[in-house]
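J.: What follows is each chain in one-letter form.
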Amino acid sequence: MTAHPFELHIDDAELAELTARLATARLPPELVDDWSAGTSPAFLRQLVAHWQHGYDWRAREAELNGMGQFIAELRGGVVHYIHQRGNGPSPLPIVLTHGYPDSFLRFRKLIPLLVDPPDPEDAFDVVVPSLPGYAFSSEPSRHGTIFHVADLWHDLMTELGYTRYAAHGGDWGSTVTEHLARSHAIAVVGIHLTDVPFWHAFQKPHDASPDERAYLANIESWQQAEGAYAIIQGTRPRTLGDALDDSPAGLAAWLVEKLQRWSDCDGDVERAFTKDELIDQVMIYWLSRTGASSLLPYYDLVHASMGRWILEKVKDLLSRVKVPAAFALFPRDLSHPPRAWAERFFHVERWSPMPRGGHFAAHEEPQLVAEDLREFFRPLRTFS
Amino acid sequence: MTAPPEGFRIYVADRVLDDLHVRLQRTRWSRLESPGWTLGTDRAYLRDLIGYWHSGYPWREREALINELMPQRRARAHGVDVHFVHIAPRRPRALPLLLLHGWPDSFLRYRKVVRELALDFEVIVPSLPGFGFTGPVELSATQPTRHSAEILYRLMTDVLGFDRFGIAGGDGGSVLAQIMALDHPENITGIHLTDLGWHVGGTDVHDVTHAERRWLDAVKSQFVADGAYAMVQATRPRSLAPALADSPVALASWILDRFHSWSDAGDLDKSFSRDDLLDNIMIYWVSNTISSSMFGYYADRRSPSLTPHDYVDRPVGLALFPKEPGGIPPRRLAERTLDVVRWTEMPHGSHFAALEEPDRYAADVREFFRGLRARADARKEARHDRPSV
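As you go down the protein sequences, you meet chains A and B in turn. For what it's worth, our numbering labels the leading residue of the first sequence as 1, then goes sequentially. For what it's worth, our numbering labels the leading residue of the second sequence as 385, then goes sequentially.
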């Protein structure tokens with residue numbers, strides 16, 4: 001593996017081009033200004049104005065360049081990742097995997113807490129890769145890539161010299177982390193997830209308890225009311241992507257809706273993300289031009305449902321994941337699985353219902369996530 | 385009192401066209417380059433079309449052509465300024481015919497049939513509330529689609545003074561026609577439709593025959609595979625609309641994906657000229673109405689106006705085109721909600737029948753209303769023949 005330090009130095013010309021697009025953003029006339037039918041038109045106007053007049057990309061860029069970014073060539077593609085070494089006698093390596101619609105920035109606030117804990121015994125070596133098709137990782141070279149990300153991560157960790165490591169994730173990150181535990185059980189000391197990977201709900205067991213049935217019914221009504229984004233992303237990624245990669249205001253509207261809707265913010269997105277943080281997330285997609293390619297995991301999921309994916313799933317599900325698993329569950333996340341549901345698929349050793357926080361837990365409640373990670377992995381470190 | 389309609393000609397300001405050209409010039413393509421329509425709108429097709437839109441497509445000529453072919457007016461109906469095509473009849477006492485388009489098309493859906501239909505009818509083609517030069521309309525939260533139908537009904541009666549008229553429509557136009565026939569049966573001679581309306585998808589499959597269930601299942605599975613556009617528009621239209629309003633390539637891709645899915649040949653060039661496709665996209669672009677047009681999906685979902693229990697008790701003609709989603713429905717299913725007096729299964733064509741198969745479509749509309757006249761005349765004669773007591 002060849003790895004190089006990576007820094008962002010966006011051309012002035014590209015920033016000027018973006019500013020020109022923002023200055024001429026043509027938003028639709030709207031008769032209502034709330035969040036009921038998607039991103040609030042009034043909020044979008046404020047955000048676009050702040051993006052042009054208040055947001056300082058060069059300052060943000062400098063900050064991101066302090067995060068320890070690298071680019072590695074692996075399996076014929078490029079993986080972009082953050083790598084920070086822990087300050088302690090024997091840091092435990094951990095790979096953190098993000099999801100949609102965010103990026104490695106999900107972990108910006110969590111990384112320092114893991115690298116520099118109050119007790120140096122709790123330190124982690126942190127690796128945060130960007131999913132294929134996201135940020136500065138190359139786009140997937142073939143369909144079905146999302147099902148192979150775990151192998152890519154394992155290669156990355158191995159190349160970095162880590163033979164035993166921990167893993168954490170949410171959203172697509174929990175799917176990848178589950179695969180990691182299934183395919184590389186010897187290397188993975190434990191997995192820590194903020195949700196039960198959602199696709200398990202596609203197959204309803206005959207012996208579901210009332211709690212589980214209620215959970216599955218909630219997922220179904222959530223999909224009806226909120227899940228259209230996943231279906232369009234899974235069936236028409238390019239049609240939607242044509243829109244997201246040509247219009248920064250449009251990209252912001254598509255992404256920010258989810259950041260608002262899925263965070264614990266009582267409807268006021270700025271309680272969970274400052275305007276600068278929202279724009280940072282959008283900028284990662286815009287500058288890397290990954291509005292379309294980031295949708296491909298959804299396409300993979302939709303199109304795998306008939307074939308290989310099912311076979312693999314059946315094979316996998318014959319046994320639970322044997323690697324110790326912890327779940328930190330946040331009250332405003334998308335779904336609220338009963339523990340028995342998680343136990344069908346995982347060897348659950350820790351179950352932590354959290355007092356506050358939503359889907360972007362590592363960003364919204366970094367202290368709660370850090371504490372839970374430390375406690376869960378403390379007894380597992382002795383084996384590493 | 386009602387003000388008389390004023391004349392309307394499309395004339396897009398130079399600055400709007402200049403701005404559009406800047407946007408087309410700077411098109412920023414996504415990285416998904418693989419060929420074909422599997423991932424969405426075909427990249428090669430769209431690149432060509434955007435190139436042509438930018439440097440070949442003669443908007444000023446097209447605009448003049450549309451104005452010439454489809455003389456337009458605008459009038460205030462039920463508190464809303466409605467844009468509509470109005471073509472004077474070629475013969476006296478012609479039946480007024482209201483032609484209703486759907487999404488994502490426009491009054492141009494009927495561009496290839498208006499002249500033919502004007503031989504028999506006084507033709508009125510409105511831009512639906514929320515669409516084109518009618519523009520965004522604040523509709524009632526309760527049954528907003530019924531509110532739209534009422535606006536168009538008032539256009540025909542209060543503004544244009546018609547007492548009796550016919551309606552033809554497809555897609556959203558089918559639903560609007562049915563609502564008008566339900567609400568104002570005394571004014572509607574009959575309605576001619578190319579589909580049963582989206583509400584029949586809610587039919588309880590336990591109450592229907594095997595063939596009907598098979599068709600409903602086919603429609604449903606097609607919707608799962610190809611209906612995500614509608615799910616987004618019905619639940620989060622305002623998260624999507626800003627991109628489509630800001631980017632002409634985004635708008636074109638979103639609309640063409642539908643025209644491709646719903647055309648007969650699966651090859652856009654075989655079904656539509658590029659000028660015709662761009663004319664339709666231009667209506668959405670220059671009026672900046674993609675958001676308000678999609679909002680109908682959201683509003684109707686929250687408070688539907690039609691259910692599978694409604695029965696339209698006016699004569700209905702159905703012209704059914706084989707490549708409509710689900711294919712041609714069983715007549716039995718249509719008869720559950722409609723008084724079907726004419727049933728035509730067409731050999732070719734699809735969702736945009738009036739554009740793809742204009743001759744067959746226009747002939748069927750004429751035949752249907754001729755048949756109604758004959759029925760009415762026969763009834764009149766029967767009354768005259770009745771012996772007096």
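Source of the hints: derived by calculation from the structure; they are not laboratory data. Beta carbons: idealized from backbone N, C-alpha and C, even for Gly. Careful: at least some of the hints might be erroneous.
[Said to hold, decoys possible] Pair by pair, the computed Cβ-Cβ distance ranges are: (1) Pro419/B / Asp266/A: 43 to 49 Å; (2) Phe607/B / Trp351/A: 52 to 58 Å; (3) Val725/B / Asp207/A: 49 to 55 Å; (4) Gln203/A / Ala609/B: 51 to 57 Å; (5) Gln409/B / Ala217/A: 49 to 55 Å; (6) Ser524/B / Gln224/A: 22 to 28 Å; (7) Ser36/A / Val725/B: 40 to 46 Å.
[Claimed, not checked] Here are some chain A residues pointing at chain B (derived, C-beta under 8 Å): (8) Glu30; (9) Ala42; (10) Val78; (11) Ala225; (12) Ala228; (13) Pro237; (14) Gly241; (15) Ala292; (16) Tyr299; (17) Leu380.
[To be verified] As a list, the in silico SDA-like pairs of lysine to any residue whose alpha-carbon atoms are at most 25 Å apart: (18) Lys604/B / Lys275/A; (19) Lys604/B / Leu31/A; (20) Lys604/B / Gln224/A; (21) Lys204/A / Pro476/B.
J.: Are the hints correct? Go through all of them and say.
T.: Hint check:
In this structure the hint that Pro419/B and Asp266/A lie 43 to 49 Å apart at CB holds, the actual value being about 46 Å. For Phe607/B and Trp351/A, the hinted distance range of 52 to 58 Å is not satisfied, since their beta carbons lie about 38 Å from each other. Checking the proposed 49 to 55 Å range against Val725/B and Asp207/A shows it holds: the Cβ atoms sit about 54 Å from each other. Look at Gln203/A against Ala609/B: about 20 Å separates their beta carbons, and that is not inside 51 to 57 Å.
For the hinted restraint 49 to 55 Å between Gln409/B and Ala217/A, the CB-CB distance of approximately 50 Å keeps it satisfied. Distance hint check: the CB atoms of Ser524/B and Gln224/A are about 24 Å apart, consistent with the given range 22 to 28 Å. For the hinted restraint 40 to 46 Å between Ser36/A and Val725/B, the CB-CB distance of approximately 42 Å keeps it satisfied. Because the closest C-beta pair between Glu30/A and chain B is about 7 Å apart, less than 8 Å, the hint holds.
The beta carbon of Ala42/A comes no nearer than 11 Å to any beta carbon in chain B, farther than 8 Å, and the hint placing it at the interface is violated. Taken as an interface hint, Val78/A does not check out: its beta carbon lies about 13 Å from the nearest beta carbon of chain B, beyond 8 Å. The criterion of a C-beta within 8 Å of any C-beta in chain B is met by Ala225/A, whose closest approach is roughly 6 Å, and the hint holds. The interface hint given for Ala228/A holds, since its Cβ lies 4 Å from the closest Cβ of chain B, which is under the 8 Å cut-off.
With its C-beta approaching chain B no nearer than about 5 Å, Pro237/A sits inside the 8 Å limit, and its interface hint holds. Against a cut-off of 8 Å between C-beta atoms, the interface hint on Gly241/A holds, since the closest Cβ of chain B lies about 4 Å away. Annotation: Ala292/A was flagged as interfacial toward chain B, and the flag holds, the nearest CB pair being 3 Å apart, inside 8 Å. Because the closest C-beta pair between Tyr299/A and chain B is about 7 Å apart, less than 8 Å, the hint holds.
For Leu380/A, the interface hint is violated, the least distance from its beta-carbon to any beta-carbon of chain B being 39 Å, above 8 Å. A threshold of 25 Å between alpha carbons decides the hint, and for Lys604/B with Lys275/A the separation of about 41 Å lies outside it, so the pair is violated. Restraint check: the Cα-Cα separation between Lys604/B and Leu31/A comes to about 32 Å, which exceeds 25 Å; the hinted pair is violated. A threshold of 25 Å between alpha carbons decides the hint, and for Lys604/B with Gln224/A the separation of about 14 Å falls inside it, so the pair holds.
Our distance criterion of 25 Å between C-alpha atoms is broken by Lys204/A and Pro476/B, whose separation comes to about 66 Å.
Going down the numbered hints, you'll see the structure goes against 2, 4, 9, 10, 17, 18, 19 and 21, while the others check out.
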